[in-house]
Amino acid sequence: MKGFCLNMKAEFFKTKGTAAVWLTILGAIFVPGINFIICMQRPDVMVGKLSPEPWLMFLRFNWKNVAAIILPLYGILMTSLIVQIEYRNHTWKQVYALPRTFADIFFSKVIVIHTFLLSFLVLFNIAIVASGLLTSQINPKYVFPWNGVPWMMMLTISSRVYLGLLAVMSIQYWLSLRFRNFAISLGVGMGLWIVGIVLMDWDKIIYYPYMYSFLMFFTDFKVHPETLLKLTISSIVSFIIFITLCFRDICRLPERG
Amino acid sequence: MSTIIKTTNLDYAFSSKEQVLFDVNLEVPTGSIYGFLGPNGAGKTTTLKLLLGLLQTRNSNIKIFDKGINDNRIAILKKIGSLIEQPSLYHHLSGYENLEVFALSYNISPTRIKEVLGIVGLSGAADKKVRAYSLGMKQRLAIALALLHDPELLILDEPTNGLDPNGIIEIRELLKHLNQKHHKTILISSHLLSEVEKIASDVGIIHNGKLLFQGSLIELQHLQSNHSFIEARVNSAQAAKDLLATRFKATLVGDTLRIAFKNDQQIAEINQTLALGGIMVYQLRLVNHDLEELFMKTIAE
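Chains as they are written, first to last, in my numbering: chain A, 1 to 257; chain B, 1 to 301.
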């Protein structure tokens, strides 16, 4: 276990100063930053839009673009970037020549990828709160009280969307490990996401992993409570299936590095 | 002498139609510098990748430290330092940080990082980003990485590739030092016989996936001397051939004479015989054999 922790630390070290770090920071603050500017520029429209429940409305206002577009694309890009660190530097062979088990190599990267995703969610939520508080500080017409921050709601939405991204991240991880060319994993990932958008009205869309994060946010679970259970089970089951298949496939590759 | 690496009838095929190794019986003596020679595409890198478990093989004909690589991968890799093909380094990190990444996996103290940087002469450039390193510096850092956990065995795939003459000499001296002072067994692949013969104690020669020669450097030198020639441009090639016929094997190639010799003394003798026999010698030229030519001849014989 100590060895695995040290290897994980080494995996985090490799991301130092890479685009993955900047993508996480900039991706997380992008939408709250834009919405802050909109609120500042158009109080005539936004003050009315955000009342009577400003935090709740502001939260939805930020989340809708992130759950539908930013997070799936971030997940696809982030996974490729982390794996590309090894391909770009021709270091896979050196990694596989280390006295590390294949499971150690495989899962330490999975943890790095998910840590980045969780960091994105944490930063994004912080940015929403900061953006709301700053808005009300600059323009008193907006009312975003500190004690009114819907922490529980933020945690619930974030957890659901994260759950919805699990399967996509494992498919993307598989693609990124399988194809040296960055464009393939990225292109296939974006293609599958666009297909999901096109098939949105399909009654079986609930079984299409690339739309889980979208459905996790946009489905009204008060009206369709059974969908939440279905989506949660689908997300977890497909994550387990894809990550297991990916691990078996990578272990059986005739050539490593 | 005990062997640190032993392969028995090692075969490998990338596909059913593309077999690249045929019955390779490699034996690397403990404490040696083993030069693994062969032209490009001969199967050197494939063999080294198999030794490191980077290529999967069903037959467990590879023994390193007397253990099979398939069943003892982790235990074996703990005692091996390697450099395969080009240096594997993170270009966005500094030299020190690169070693730090691998030191974490080996659970090694930072003191050792400084030590290996000193051994390869990169202490002054430790904080520089690797992307700003010259090829020679990258090669040296890759060797530092291979040395990081103080392994008993170093497997280096063409470590002097792309280096200028100074860089080649530096790496050569470093490897000699590691072998003699730190008692490392070194398996080094190269396509240059001239390069390997300066440091190796033992040599294996591979061509088209077949190990054609394996033995000490002295045995190789003997083999090579049997295939060394000088070309003589003279006023009468036929007369010169007749004159040398009793002592040397000479053949006419166009209007030049190709004469086999075994040592420098014989070259002097050839020259003297021709001069004393009244033959005008315009040019004596040493015909260098590259590995492929030498071994194609060996196979033909």
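No lab work stands behind these hints: they were computed from the structure.
Do not rely on the hints blindly, as some may be mistaken.
Listed next, the in silico BS3-like pairs over lysine-lysine satisfying Cα-Cα at most 30 angstroms (straight line) [as the list claims (entries may be wrong)]:
1) B:K79 / B:K17
2) A:K9 / B:K78
3) B:K129 / A:K9
4) B:K114 / A:K2
These stretches of chain A come out as covered by chain B in the derived footprint (C-beta under 8 angstroms, 3 or more residues) [claimed, not checked]:
5) 3–9
6) 105–119
No experiment lies behind these values; they were computed from the predicted model shown.
In this text, a Cβ means the ideal position worked out from N, Cα and C, and glycines have one as well.
Tested hints:
no.	hint	verdict
1	B:K79 / B:K17	35 angstroms, violated
2	A:K9 / B:K78	19 angstroms, holds
3	B:K129 / A:K9	20 angstroms, holds
4	B:K114 / A:K2	24 angstroms, holds
5	3–9	holds (count 4)
6	105–119	violated (count 0)
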